[in-house]
Amino acid sequence: MKNSVSIGLFGLGTVGSGVIQLIQNHQEELFHQVGCDVKVKTVLVRDIEKDRDVQIADIELTTDPDKILQDPEIDIIIEVMGGVEEARQHITDALNAKKHVATANKDLIALYGPELQQIATENSCDLFYEASVAGGVPILRGLSDGLVSDRIQKLMGIVNGTTNYILTKMDEDGFSYEKALKEAQDLGFAEADPTADVEGLDAARKMAILARLAFFTNVELDDVEVNGISQVAVEDLNYGKKLGLTMKLIGLAHFENQQLEVSVQPTFLAKSHPLTAVKNEYNAIYVNGEAVGETMFYGPGAGSLPTATAVMSDVVAIIKNMRLGVNGHSFVGPRFEGVLKTADQRYSQYYFRLHLKDEVGAFSKITSLFNELGISFEQILQTPLSKDELAEIIIVTHTVSLENFQTALMKLRDLPVVDDVISYYRVEGDGK
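Numbering (my numbering), first residue to last: 98 to 529.
Calculated from the structure, these hints are not laboratory results. Take the hints with a grain of salt, since some may be wrong.
Label pairs and their in silico Cβ distance ranges [stated by the list, open to error]:
no., residue 1, residue 2, range
1, Thr-189, Arg-143, 18 to 24 angstroms
2, Thr-189, His-495, 31 to 37 angstroms
3, Lys-368, Ile-477, 17 to 23 angstroms
4, Phe-474, Lys-376, 25 to 31 angstroms
5, Val-413, Leu-470, 52 to 58 angstroms
6, Ile-519, Glu-387, 37 to 43 angstroms
7, Asp-150, Ser-101, 21 to 27 angstroms
8, Gly-422, Asp-270, 51 to 57 angstroms
9, Ser-273, Asp-242, 24 to 30 angstroms
10, Ser-427, Lys-99, 19 to 25 angstroms
11, Ser-427, Asp-290, 46 to 52 angstroms
12, Gly-271, Leu-478, 14 to 20 angstroms
Where a beta carbon is used, it is the ideal one built from N, C-alpha and C, also for glycine.
Model the full structure from these sequences, guided by the hints.
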């Protein structure tokens, strides 16, 4: 084993700066863990002259990726540059050059993770990506190492801090969606273009990665059903409070009888559910295993040092494998085909809000319709509306198949006494 391990860093933004800061400030801890010095030798940047917030006096900056990829002294590549195609090419080249890789790139891993893992295995290299999901929360290593002997049945996660911050402000402070988003942008929790976050795309990428790892199955990004929070109304959150429910953007992955369901959607949680207490920009993943029962991973989902900590956990794992001579042997391929559940195999409770004509017998027509479909109600709220002689009805069903619920919605809209179905959301109980 070498006395020093050299790292090539692709990207010197928020996370890249955090990586350098950790390596510089935690040398004693790193040496104690891996038995050698760890240093960043070269960093790929777009602008060498740009002012940096981190000390880089002893580090070479370059705009040429080959300065890193073709350097025989560099053992490990850390990719934190973002993007997909360029990063994919750099990681492919690095693995083919027999260099190990740690990446924080969720977009890349969600789309091309299995392909890149195959290249890594063929080259006896490690490819780790702990930082690609939930920042500083060690969920991937928790699943692959800590819970490896268990059969994971269900994952539920708040895996996007932007949407969790927005929904927290709407729920607790009564902010409109637009006001909450503006505050999130002002504080740096949301991008100028927040589409990937608020429409659930970012969370979907993370859930695809989590489901692959938890269930040993093939999960493509297109397999994830996605709905965002941009249409969520404060009125629904207020009704949720009256019903003992709190809304979160929940990533759900459920695996039973070798059939899979993966989704991201605004979901009402019972107040007793552990995820209800996860507020603002924090992330958490609730795991249900056959042996372990219920457990939860919680922490900051983004940020320079939290994400850099996850990256460095991969680097330490790579170096330990180098010392043991077992790089490239830790990956476990899919065990099951990713067969998606159909609508009649997916079960949940549902919340829905509708406007009903305020006339005798109107509500009985709704109950008759649901009785015909075998759907019963757990909770009902009714509020008269001053306009147009309508009543606002809020109903939470007992557990029902998605197929039956969709049929009920379609038939509801055809009822003459129903003016409009305003909204509907999935409901999860206490987590057990």
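(message) Under the constraints set out in the numbered hints, which ones does this structure not fulfil?
(response) 2, 9 and 11
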